[in-house]
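Q: Residue numbers (my numbering), protein chains in the order written: chain A, 1 to 208; chain B, 1 to 208.
Rather than coming from a laboratory, the hints here were simulated on the basis of the structure.
Small disclaimer: the values here were computed from a predicted structure and weren't measured.
Mixed in with the good hints, there may be bad ones.
[What the hints assert, rightly or not] Derived coverage of chain B by chain A (criterion: at least 3 residues anywhere in the stretch with Cβ under 8 Å from a Cβ of chain A; other residues may be distant):
1) 2-8
2) 11-24
3) 108-118
4) 127-140
5) 150-157
6) 160-168
7) 189-199
[Said to hold, decoys possible] List of simulated lysine-lysine pairs, DSS-like, C-alpha gap at most 27 Å:
8) B:84 - B:152
9) B:49 - A:49
10) A:84 - A:13
11) B:152 - B:59
12) B:84 - A:84
13) B:204 - B:152
[Claimed, not checked] Ranges of calculated distance between the beta carbons of each label pair, as one might list FRET restraints:
14) A:107 - B:59: 15 to 25 Å
15) B:123 - A:174: 41 to 51 Å
16) A:26 - B:86: 33 to 43 Å
17) A:26 - B:94: 18 to 28 Å
18) A:148 - B:176: 34 to 44 Å
19) A:99 - B:6: 18 to 28 Å
For every residue, glycine included, the Cβ atom is placed at its ideal position computed from N, Cα and C.
There are 2 protein chains.
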Amino acid sequence: MEYIRNGEEIYRKSFAIIRAESNLENLADDLAQVAVRLIHSCGMTDITKDLEASSDAVKIGRMALAQGASILCDSQMVAQGITKARLPQNNQIICTLNHPEVPEIARQINNTRSAAALEFWRPDLGGAVVVIGNAPTALFRLLELLDENVAKPALILGFPVGFVGAAESKLELAANSRGVPFITLHGRRGGSAIAAAAVNALAKESEL
Amino acid sequence: MEYIRNGEEIYRKSFAIIRAESNLENLADDLAQVAVRLIHSCGMTDITKDLEASSDAVKIGRMALAQGASILCDSQMVAQGITKARLPQNNQIICTLNHPEVPEIARQINNTRSAAALEFWRPDLGGAVVVIGNAPTALFRLLELLDENVAKPALILGFPVGFVGAAESKLELAANSRGVPFITLHGRRGGSAIAAAAVNALAKESEL
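Based on the provided sequences and hints, a complete structural model is requested.
A: Spelled out as structure tokens, the structure:
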């Protein structure tokens, strides 16, 4: 069979197709660069219309990672999707979803396990890059914690997916991010691959 | 903030919205059930138009898993996305991408690491459920191995994503699956969440 077998060539050709077919004009240059990588992760050029970021979010995210910020993930899939070799400071990747006390805390706070897992983010939240690629309840819970005046993360990458709460949680984030810079994809679309791609885009400017 | 915090309620409501909004009429009943879970994983009801499966693929996949088939994944994200509690036989989940010899084999066979990782699938391929949620080259390579008469898997779940090779590899799978049952999503869309959702749908009939 005839197909391209060279990984680097696949990347280059993919990014060239994305740049040719996507509507990137309305995005700031640095956000457009992130958008290209998000598009690459999901195969959909039309996500640019749903992308929103606070001003300087990309710059702030790049700086935080360059200074060694921890990366807090709501799911193991997001954690797995981060390309370790791109991280500038071998940044710590933290996912607390499988902490043994999470199910009990979920019962106590009457919320999902994804939301309960954030209890164990508290010591690492200040200055961290938070990446939510699965659960709307994790994003809602993060905003609740910020209302309780926990230490602020450097950046929120808000990409929960689905039919219940995803669009709503991202609207809430964009309407009032509690003073924290953010990047989000409005609507039902999102997910761990797109969320991890956002980290990978911020981690290193070079596309390869 | 007002939001639904009960995990089970979120699932039920999500599936109800999906059933109300999706075009499932043209799919066989058991494939429609799988489609609902795929839609749930990506937030997009319109994927049904790109879904294709060989006849009895769902039935065969369910049976294979019930009989303890191993699950071969092209990426760690796919492996992480499989809900272990849904598996009927605590089925083995195998991802060989990080095997230390993969980079060297990739050089030798002049292909990507994702394709090279399949060399280590050989002893487990017969009767397995193969799940490709990332790399088109892994799906192409699988078809090449089948042309070399390796032991046939029970089912191919073909969901590679992206701009180079994804659509092409899935067209090749659907045109000639080498006698192996398959489920695939045509076009550029796909990815680890959708691929893992396919396994989760086959693993257990109940949606919760």
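Q: Indicate, hint by hint, whether the structure satisfies it.
A: Each hint, compared with the structure:
{"no.": "1", "hint": "2-8", "in the structure": "holds (count 5)"}
{"no.": "2", "hint": "11-24", "in the structure": "holds (count 4)"}
{"no.": "3", "hint": "108-118", "in the structure": "holds (count 5)"}
{"no.": "4", "hint": "127-140", "in the structure": "holds (count 3)"}
{"no.": "5", "hint": "150-157", "in the structure": "violated (count 0)"}
{"no.": "6", "hint": "160-168", "in the structure": "holds (count 7)"}
{"no.": "7", "hint": "189-199", "in the structure": "holds (count 6)"}
{"no.": "8", "hint": "B:84 - B:152", "in the structure": "holds, 24 Å"}
{"no.": "9", "hint": "B:49 - A:49", "in the structure": "holds, 23 Å"}
{"no.": "10", "hint": "A:84 - A:13", "in the structure": "holds, 23 Å"}
{"no.": "11", "hint": "B:152 - B:59", "in the structure": "holds, 17 Å"}
{"no.": "12", "hint": "B:84 - A:84", "in the structure": "holds, 25 Å"}
{"no.": "13", "hint": "B:204 - B:152", "in the structure": "holds, 23 Å"}
{"no.": "14", "hint": "A:107 - B:59: 15 to 25 Å", "in the structure": "violated, 38 Å"}
{"no.": "15", "hint": "B:123 - A:174: 41 to 51 Å", "in the structure": "holds, 50 Å"}
{"no.": "16", "hint": "A:26 - B:86: 33 to 43 Å", "in the structure": "holds, 42 Å"}
{"no.": "17", "hint": "A:26 - B:94: 18 to 28 Å", "in the structure": "violated, 44 Å"}
{"no.": "18", "hint": "A:148 - B:176: 34 to 44 Å", "in the structure": "violated, 58 Å"}
{"no.": "19", "hint": "A:99 - B:6: 18 to 28 Å", "in the structure": "holds, 20 Å"}
Checked against the numbered hints given earlier, this structure breaks hints 5, 14, 17 and 18; the rest are met.
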